[in-house]
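Chain residues, written in single-letter form:
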Amino acid sequence: MSLQNFLSRLDQLQSDAESAFSGASNAESLEEARVVFLGAKKGQFKDVQKMLGGIEPTDKRAAGMRLNEVKNAINDAFSAAKEALEGGGDSQIDPTFDPSLPGTRPTLGHIHPITQTIDHLTEIMGRMGFEVAEGPEVEDPWHNFVALNIPEDHPARDPLDNFYLAAAGVSSGDALAETGEGESLLRSQTSTVQIRVMKSRQPPIRIISLGRVYRPDAPDATHFPMFHQMEGLLVDRNVTMANLKTVLRVFANNYLGDDVEIRFRPSFFPFTEPSVEVDFLWNGTWIEFGGAGMIDPNVFEAVGYDPEKVSGFAFGLGVERLCMRRHGITDIRDLYSGDLRFLEQF
Amino acid sequence: MLVTLSWLSRYVDITLTHDELVDRLSLSGLNHEGSETVDGEVVIDLEVTSNRGDCLGHIGVAREIAVLTGQKLKLPTIEFQESSRSVNDLLTVRNEFADACPRYTARVIEGVRVGDSPEWMQKALQSVGIGVVNNVVDVTNYVMMECGQPLHAFDAAKVSKKTIVVRPGRKDEKLQAIDHRDYDLTAQTCVIADADSPLAIGGVMGGASSEVTEQTTDLVIEAADFIPLSVRRTARRLKLHSPSSFRFERRVDPRGIDWASRRACQLITEIAGGTVASGVIDTGSSIADREPIVLRLSQLARVLGITIDAATVERILKGLGCRADFASVEKESTSGGDSSTLQCVPPTWRHDLTREADLIEEVARIHGYDKIPEDSPIPVTPSSKRPFDSAMSRLRGVMTAAGLSEAMTPSVVTEKIDAALSPWTDRPALQTRTAMLEGSRRLRRSLIPSLLQSRAANWASASIDAALFEIAHVYLPPAPDAKGDDALPAETYHVGMIIGEDFFAAKGIIETLLARLGITGLLQVETVEREGFASGGLVALKVEGHDETLGYLGLLDDSLVRSWKLPGKVVAAELSADLLVAWAHLVPQQQQISSFPSIRRDLNLVLPESVRWDGLSGVIRSAADERLTDLSYQETYRNEKQDGPDRKRVLFSMELQSLTETMSGSDADSIVESVVAACEKELSAVLMR
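Residue numbers (UniProt numbering), protein chains in the order written: chain G, 1 to 346; chain F, 1 to 689.
Note that these hints are calculated values from the structure, not bench results. The hints are all genuine.
Listed next, the in silico DSSO-like pairs over lysine-lysine satisfying Cα-Cα at most 27 Å (straight line): (1) F:Lys174 / F:Lys239; (2) F:Lys371 / G:Lys309; (3) F:Lys371 / F:Lys72; (4) G:Lys199 / F:Lys385; (5) F:Lys171 / F:Lys239; (6) G:Lys41 / G:Lys71; (7) F:Lys681 / F:Lys648; (8) F:Lys158 / F:Lys174; (9) G:Lys199 / F:Lys483.
Quick look at which bits of chain G chain F covers, simulated, 3 or more residues with Cβ under 8 Å: (10) 113-124; (11) 138-146; (12) 206-216; (13) 222-235; (14) 266-272; (15) 335-345.
For glycine and all other residues, C-beta sits at the position ideal for the given N, C-alpha and C.
Chain G with its partners taken away, still in its complex shape (with noise of 0.2 Å):
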């Protein structure tokens, strides 16, 4: 039998032992297909051992080294078709495997703790059943002083304490550039956004007003000219400052999960009477949580409400500073950084 015979015979044998051991599909075919190809009398495997007797001399070492390697693959062969039988075993995995690497972690970005904040809020506030309404940033000086009880005189119109813009239209000159005051301002409080939305629609009113807000603060740790608001508002019949403390505590007992202690300080705001600043204890210490009051019957005139048929209260409170508590943030301009390094925190 000439090598060339003999090298391709073994070939075949060991793909047809491979095929018919790996398409066994139970324990019985494949110990039948065992029998066929590694039987010890009748296999196929002995018969072409046999068959090396037949080979020149000369051709005897590379046909027995050839014989050796295909062997081995039928015996793997099986040793794989048994153990994938079994289901499987710890053989399968490579004993290099090491588990405790770390994993690969797919890329994801972050949201801003802000808007996580604002979040928080609005899901306790919306239980209560208050919605959210927002108004635009660049106010009239209607909105965002007069119809909030803000006279002209007052010191909360000062341009140090707003930004008021510029007249757009060079033509026209700016009349009011001597003042420093403006036809038009970012809005200092989000309140302008409970005159909107009085001005539009009828008693009951549950909304909150969620936004930026702008005020003239030199930034530190704790200040920056940009900051977020919260401003509740509740105007029906009979609405009374034991209502107002009740969501107070109510929304403060949800926020800080704990049930937390609530007090009134009096406090000035143009568009509240009463008002007051809201301090919570928490940890043993009082905390200045914000501003609130019961709507000053001036703004219901202002928007076209009866004082004497509805009552309603107001209260708002700088989103920044719940934030920073809650996840120990110590320096505010941290939030408005755009820093990936504080960012990927959240």
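Once you have looked at the hints, place chain F on chain G.
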């Protein structure tokens, strides 16, 4: 406002401990900012809200303590001898600027001996942070800190022609103030002058020329009322804020003016000697009582949610200086008033009390807000999330899944940032009068430049490839001739995003976003040119079925990117969030799923270079029927040797599937044939087999 305990105790007994006292004051409206002990004096810092000018003196604070502790306020008795000479023989006052100064009063004291003030007064002033000057100036400051009325003493010898004129400043007029700096006076400045030249800036600061010195023997004591707006504007213009301007800005007690003037005369003559000329010069009219306010007790319950008994209400209002009585309403009311209605005349020092609501607050804060219960729930009412918020929450989901992080950057930007690019409008940006941060005055017209700046800052701090997005307003300037609400800028939410290099990565994020929002129309691009973007690399984005431009997507101009010291290419996009919300279908509707197998066919067409994918896919879609369920682009090859110049090979796959039957190979073949035929005919395509 700094007060000392010992000074307060001249008007009211301090029966509470320090901690109890500051707590009660905080909870009734004078917030405790801190306390310290200076030279044995306990000094308390109280925050006085801008409506409570009456508490900018010790007496005002003492009155609060008196009503809180149920005591009667003890006011000093003013006694001094007047000489036989009338003030009118010694001085003339002309008020030519009543708009800024509704009342100017003057008294004259002759023969004082200027020297040091007594130790008790020096100590009192120093403990509340007022510098000691001499016994006359110290008395004027002492009286201001006592009752809140600023005073000024002039050296009478320096008042030319014994005439004081209250008038507007004149052109090119200057005054050297007692801080020895020169200030420009304008027609808006209220100037106190003599017959020749300015002596003081009314309500703000005195002048150096007429200040009281060791040589002074005769004094003019000014006690006046200046209009808050006028004082504030002058103080602001001159950057000269004084304890006087602070008090005038918060309004003084019109009746307290004369009290303060007499009190100063009393103390000066006691301490520095001299005699007070008889009478006073007063340019104002007599001071009427305040209008009475009717307080219905029922309103207390309506606003506060608690009832407060009539006796308590009366005690509180009287303690605050109101004339309050139930009887007068009864007498005057034709409908027969009763004890549930109270008439109240507020004191002249309480400018903030003009309405019933103001009295309700007074009663509430003194009675105590702690009495208001916190178990008064509001009725249950439904509320729902706005579509905008739902859509933005999905948008954030897509962006973060794509690896972009949300940034928040300032709305007002520098000229450099604003000038970088503005794809939405050519109108110049609106500007603020005062700069916000580092010279930022411009209301941004696009979010992209701010994000580019953030990307650059991140690069500099080793976050090499910052992929960022932001949801914020942009401010598109109104037409120059717009009026009313139209004169406000068009302010809408935009979504800006910035990533590195890959245009199609950014486009894919936008495509995914549209799908996630249920916007099913095809995304269409139209190449446009805008400053700041690479020429040919910017597209306006539209969605099939809508006319408006949804946004812009493109490669930024290389020189712009370099100007921020960023390497490589930068891709940016900005979409109108409002349009996304308007077009979104946030409640998905189930589409029928075919239970029959699909057939996939890959095609390879040789096309002229000028045929874009949108042209090719359009031809394919219209040539195929509804059984073409998916068309996906695979690859483009170019092989000039085989296909000739300006030709490219585009590989794509079509998924074919019927909802009603199993498609046969020949069904698929016929669709493929019509697609190929259409591409050959309309696009000069050649099918590679």
